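**Student:** As given, the protein sequences belong to chains A and B, one line each in that order. 312 is the number that my numbering gives to position 312 of the first sequence; each next residue is one higher, with no gaps. 1011 is the number that my numbering gives to position 11 of the second sequence; each next residue is one higher, with no gaps.
In case anyone wonders, no lab produced these hints; they're calculated from the structure. This structure is a prediction, so every number in the text was calculated from the model and none was measured. Hints may contain errors.
As the list claims (entries may be wrong) - To give an idea of the chain B side of the interface with chain A (calculated C-beta under 10 Å), a few residues:
id, residue
1, L1012
2, R1023
3, S1024
4, L1073
5, Q1115
6, I1163
7, P1242
8, P1302
9, I1327
Stated by the list, open to error - Example chain A residues on the side facing chain B (calculated, C-beta under 10 Å, incomplete):
id, residue
10, T75
11, L120
12, L123
13, H127
14, I246
15, M277
16, P302
17, C303
Glycine included, each C-beta is placed from N, C-alpha and C at the ideal position.
2 protein chains.
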Amino acid sequence: MQLRYHPYPLQLQHTFTVSGCSRSQTPDVLIAITHQGVTGYGEASMPPYLGESIESVCAFLARVDLFQFDDPLRTDDILSYVMHLDDGEPGAHNYAAKAAIDIALHDLAGRLLGQPIWRLFGLSPEHCTYTTYTIGIDTPDVVRQKVREVEGRFGRLKVKVGIEGDRRLIESIREVSDLPLTVDANQGWSSPEMALEQIEWLATQGVIMVEQPLPKHDLDGLQWLTERSPLPIILDESVQGPEDVIRLKGCCHGINIKLMKCGGLAPARLMIQLARMLGMQVMLGCMTETSCAVTAAAQLAPCADYLDLDGNLLISNDPFQGGMQVINGRVTLQTEPGLGIYEP
Amino acid sequence: MQLRYHPYPLQLQHTFTVSGCSRSQTPDVLIAITHQGVTGYGEASMPPYLGESIESVCAFLARVDLFQFDDPLRTDDILSYVMHLDDGEPGAHNYAAKAAIDIALHDLAGRLLGQPIWRLFGLSPEHCTYTTYTIGIDTPDVVRQKVREVEGRFGRLKVKVGIEGDRRLIESIREVSDLPLTVDANQGWSSPEMALEQIEWLATQGVIMVEQPLPKHDLDGLQWLTERSPLPIILDESVQGPEDVIRLKGCCHGINIKLMKCGGLAPARLMIQLARMLGMQVMLGCMTETSCAVTAAAQLAPCADYLDLDGNLLISNDPFQGGMQVINGRVTLQTEPGLGIYEP
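Work the whole structure out from these sequences, hints included.
**Tutor:** If you want it as structure tokens, here you go:
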């Protein structure tokens, strides 16, 4: 098996603001794994706050020796090798790089077996729900304009809250749309009591779920809030991999799984199984990514209660066509083998 | 999809004694699921101590409506339906019946995709270790005779201990063989202190692992023993499904996974992933079963530290040929699609 990779910075259609930072570009690395003339695609997307960079991803990928494996279907061996390649290195943080390999291997396996990945996972694509489309923080005029642009194409909107003026943001949206909303506070509320007050108001505004209301390590606060919140609390920044699902039982109603955080489809599947076992809801999220990584996450969409898979719709230079589509607001899975994406 | 099933009592080659009971027959139900002319095989084996019977298994299977599903690869939906079919029924205990469906569906999926099940699981068959062959409790003469019969064919022996005279049993074996031994006390030792004393002696006799030394609910005793034992402690009766893996962390070095206890390959895979995550060893065991269920368990053998997959070798009326073989003592996986078994 041969591994190739190259940096591919993503251009955002709109400058994007969450509580803490604004940006117009996201660093990204595209990879391809080829075996006997068949190629699987993968991708590492690196939002700056997760600690990876084009340099760190390329340095990690340069150490991955796939020539030692002669069957791409032996994912248990290959992914175990990749997952442990940085064991013992202080501060090692190569989950996006690992996710890229995991995604490309799954794509390759699906193409070699002639099956979409979701089918190899035993899933039913008609269970996919609506994806949210994220409305960034902006002036009321711009927010209303953005909402009007996507009305009809999406069935749910996601709103970034947790900063000054977020009630006005919700009210601006409600002036032009009655779509169900989810909100993401990105750890932005300062206390459990203040968060509860906000959530109780949001519940009156057609909001159906709240993401990461409090700082990620404030588990006591999150537990207190989860016991009282009228809306489901889904944790994102508090969650990285499978171990966290067990650790966070009781501190939330569910978890947001992202391939770039956990290292790919294999750990994501385990997280879903753990969440089900522990009675927790599942959200699937993404970074700003191309159709490659978004379609990879979408392979698990039949298992999710909430989907936030709009990453590829936020960029202007997606190099792929095909893959999952959002049709009438719903995630709609491809029927082609692997990820079903191609470079036009 | 069409489901057929029929009782098929298994005849044991030798009357089998463990601490607590003797028997010469095991109740068993064989099933077949057919879709578009392709058939997958499954099996429910019911050792009496697990609470299922031919009647209970057939009654459960009679309620399973597979006609509602038109794609056997949608295992997430189908197995979820089967797993929850007895929800809320007090004392419901249909894990062997559920395992039969799970096994047949995996066999069918493998046959439809033209792949052995282990390959669809991403595993590498060359990682399979030795399986043990179980020497029942008997007189020293008979024990020596049984050991001589299998010497050369097996690389490890398993000995049932935990009753009067078990040191003499080990010594009888050591007179004729120096193969590594595992021992299974089947909850038979009366106290942690007494168990530790036995284990310390066993460690001097070439024993490499101890199964279920204490009563299944004595977690305090098991934890005390695990902290002190010179040999790995693997739990069997204490373990049923995935929840138990989390619960038993610290009370053992590993777990014995059996398809008839946990409900099939899907929960068994989750148990393996949990055990790895929690740093626990994995043993794969079986009941007295035909080549069908033993070959199904063997699909996960590349993930296991200990294998006890001799169930089909203990019966005289195995209706299947093909499937996994024990070659030079090692589990050797089939390369044919599905389970690779057939009715001659």
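**Student:** Where does the structure disagree with the numbered hints, that is, which hint numbers, in rising order?
**Tutor:** Of the numbered hints, 1, 2, 3, 6 and 9 do not hold.
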